[in-house]
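J.: So the chains spell out like this:
Protein chains: 2
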Amino acid sequence: MKIEMICTGEEVLSGQIIDTNAAWAANALMNQGIEMQQRITVGDRLDDLIAVFQERSHHADIILVNGGLGPTSDDMSSEAMALAKGEPLVECTPWRLRLEEWFTRNGRVMPVSNLKQAMLPESAVMVDNPVGTACGFRVKLNQAWLFFTPGVPFEFKRMVNEQFIPFVQSQTNEHVEVSVRKLLTLGYGESSLADKLTQIDLPEGVTVGYRSFMPYIEIKLFARGEEAIGSLANIVALVKTLLGNVIVAEERSSLAQVVHERLLEGAQSLSVAESCTGGLITSGLVAFPGSSAYLHHGLVTYSNESKVAVLDVNPQTLDDHGAVSIATVEEMAEGARTLIGSDYGLATSGIAGPDGGSDQKPVGTVAIGLATSKGVYSQMLKFPARSRELVRQLSSAVAYDMLRRALNDEPVIVDYASYARFAK
Amino acid sequence: MKIEMICTGEEVLSGQIIDTNAAWAANALMNQGIEMQQRITVGDRLDDLIAVFQERSHHADIILVNGGLGPTSDDMSSEAMALAKGEPLVECTPWRLRLEEWFTRNGRVMPVSNLKQAMLPESAVMVDNPVGTACGFRVKLNQAWLFFTPGVPFEFKRMVNEQFIPFVQSQTNEHVEVSVRKLLTLGYGESSLADKLTQIDLPEGVTVGYRSFMPYIEIKLFARGEEAIGSLANIVALVKTLLGNVIVAEERSSLAQVVHERLLEGAQSLSVAESCTGGLITSGLVAFPGSSAYLHHGLVTYSNESKVAVLDVNPQTLDDHGAVSIATVEEMAEGARTLIGSDYGLATSGIAGPDGGSDQKPVGTVAIGLATSKGVYSQMLKFPARSRELVRQLSSAVAYDMLRRALNDEPVIVDYASYARFAK
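These protein sequences, in sequence, are chains A and S.
The first sequence lines up with residues 1 to 424 when you count with full-length UniProt numbering.
The second sequence lines up with residues 1 to 424 when you count with full-length UniProt numbering.
A portion of the hints provided could be inaccurate.
Intra- or inter-copy, both count: the list cannot distinguish identical chains.
[As the list claims (entries may be wrong)] Straight-line distance between alpha carbons at most 25 Å, and here's what the computed DSS-like set of lysine-lysine pairs gives:
#, residue 1, residue 2
1, Lys-196, Lys-116
2, Lys-116, Lys-2
3, Lys-361, Lys-196
4, Lys-361, Lys-157
5, Lys-2, Lys-157
6, Lys-116, Lys-157
7, Lys-116, Lys-220
8, Lys-361, Lys-116
9, Lys-361, Lys-182
10, Lys-157, Lys-196
11, Lys-374, Lys-182
Please keep in mind that the hints were generated in silico from the structure rather than gathered at the bench.
I would like the entire structure built from these sequences, with the hints used as guidance.
T.: Here you go:
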């Protein structure tokens, strides 16, 4: 079974946007043990689209086509498919009715241009899109099924998960059982992780993959076949032993999610005081529905005046130690916690760069504090100063991890391999 | 002249890393008026590489190949090219000497595996790499020149700029000047924008593109050729007249950036009080270096207690009107502004969903307030409730836009086409 992908869109081809849909899809398929053979990116030229549909239809069995289903004139996937197959576009009446109903429900008249989204190649099988105006569809041409999906990421993802993957599975005879385990790491680069893991003798059918998404690297352990799946638990245990504190979560793609779940479960409340992270910690939690149950407030006290006025930090502390210091961040954490009586107070203060560093406190220096009912924990770390964004992301991640450890009754301050700690 | 790109590498194909080289290259070429026709991404399988080199060599004139020039066993671009052309790999002696010299200069003995990097297809023309161990090369096959470049981004970028683009230009006779103008819009969907813009009769050589990145849609006007470029200013003026308030920025990709620049220029200070946006407004500004010059603090007062304790909101106001109300958000904005004397105070309070809505205030209801030295402006809007993320992004965008308008001495409250406003 040969599976390929065709990504359409001038803006993807011309590099104005990076094609995250393609990476996401390849990854989602891989999680199901489905391998993609190749991927073609083409612009919005009718002739190019027709040529690539025809050409690939002789080589692939299933082709995931993304984009070009919108209502505007540069959306021409349907038209190109109809021409490639030599058949007319015809109205898909169920979808036109759905569109009209959707606009009526939202108190609007449907723009004429949206009618185009109900015109499909004559032999097309419609694929439902429950969250957008572009329906998907599939058409058989030569040896291939071409499966068309919308470009809007959340519509695309839903259609791939709910309709494309089941369709692929329905087309294969042999179905190999696949299992994936994911370990989220913080503090090592990919090559260091790979060096460590070469010590493990992987059994037949088990492979390791790495996925880097700032500031984490996720280790993925794939097992194909019953025997390999049976060995997975032991492999995971071995990896955890080898990597220790570097592993910060299992089967979760961010620490924000872990902390969110633990706070909800434990009915614990949190207040956050952020300086260099500037709202990242708070907004990472607010992204999850239900966070209002535990999050009292997140105070981005960016200026010294604000640290004093809002968090009751002692001006003398700021004078003696500076804003980026263990002393200040401890008062910030405690100030945030006691303001309206939260169980935990989490605080950051650091130099995200590119300017503002000094010999003593270079760019990348960040103090992080956690106030709890048992006392205040804090550390000052030196993160790689490669970018402002990276420093802020790493600071948020370590802050979340300190809270996670406290919620788990584990030691709050631990080593993360590559981040140096300042003496207290 | 047909130009294509072939990206190699299992990790790019399988979505473990996003192919930023491809986007970068397409963009760099477009800036020179060179258009890329399509892009193919293939894994590290010898047969797949050979097939794609041969197949595309009948269609394209120049093919930029990226990756697969390293010293390890999964780097097989040279070998695949030699096999595709049916010629042997031979040592490129100048490059072997360069490699040996490079290792000697760095006090190291060259590993045997690096010898592989000096083995090129017999007919290859070597392309210098001044910053790495992988030389580039080009080979003519059928109608195409295949131009091979290293995968390491900074080596790749340098080779494209210094060698690939001049090579492409040497192969073309005509050189077309290209210009792009960008308009950021808020409040209309892509189809509504397109409907509006069909009223404009675009001159030859001018095309319109849309780029959607939540919550904005960017309109891009491309002009090719001197005459088209000359007409661009008038077209932009026409688009601005047609769309009015819907256009919120020019040549900028977010309102956060516009507000950041205007606050810095005007030496004005800002305090933010966020509820439903949960730190998005603040962290969008902190993302820019230099924001500490104007941002006093961003207070995510998520709970009612916090609104009272931190922002001095009157508990009676919360009782009478609720947290999501004009009255509350005005007190929040004024509270944030006066706490340490900022020029502006910006506040949001809303129901981001998926739960928490009522008949009177359904999910998507958001109150936004802006306190200034001249008074407090506020409005309560109903955003589409498609997702929590969307409601939060739209709320942030409208909040930024109110501030932008105040900074420009424009009316603060305007209509954005598709968001309904609640009576005050």
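J.: Take the hints in turn and mark each one as holding or not.
T.: Hints, one by one, checked against the model:
Taking the shortest Cα distances, Lys-196 and Lys-116 sit within 25 Å of each other only across copies (16 Å), while inside one copy they are farther apart (55 Å). For the homomeric pair Lys-116 and Lys-2, neither the shortest alpha-carbon distance inside one copy (31 Å) nor that between copies (31 Å) is at most 25 Å. Within a single copy, Lys-361 and Lys-196 get their C-alpha atoms no closer than 31 Å, and across copies no closer than 54 Å, so neither meets the 25 Å cut-off. In this assembly of identical chains, Lys-361 and Lys-157 lie within 25 Å of each other by CA distance neither inside one copy nor across copies; the values are 44 Å within and 30 Å between.
Within a single copy, Lys-2 and Lys-157 get their C-alpha atoms as close as 21 Å, which meets the 25 Å cut-off; across copies the closest is 33 Å, which misses it. Taking the closest pair of Cα atoms, Lys-116 and Lys-157 come within 25 Å of each other only inside a single copy of the chain (23 Å); across copies the shortest separation is 41 Å, beyond that limit. With identical chains, the CA atoms of Lys-116 and Lys-220 are at most 25 Å apart between copies only, with a shortest distance of 22 Å across copies and 42 Å within one. For the homomeric pair Lys-361 and Lys-116, neither the shortest alpha-carbon distance inside one copy (59 Å) nor that between copies (34 Å) is at most 25 Å.
Proximity of Lys-361 to Lys-182 under the C-alpha cut-off of 25 Å is found in neither arrangement, the shortest distances being 36 Å within a copy and 40 Å between copies. Taking identical chains as interchangeable, the C-alpha atoms of Lys-157 and Lys-196 are never at most 25 Å apart, the minima being 34 Å within one chain and 30 Å between chains. In this assembly of identical chains, the alpha carbons of Lys-374 and Lys-182 never lie at most 25 Å apart, being 33 Å within a copy and 54 Å across copies at closest.
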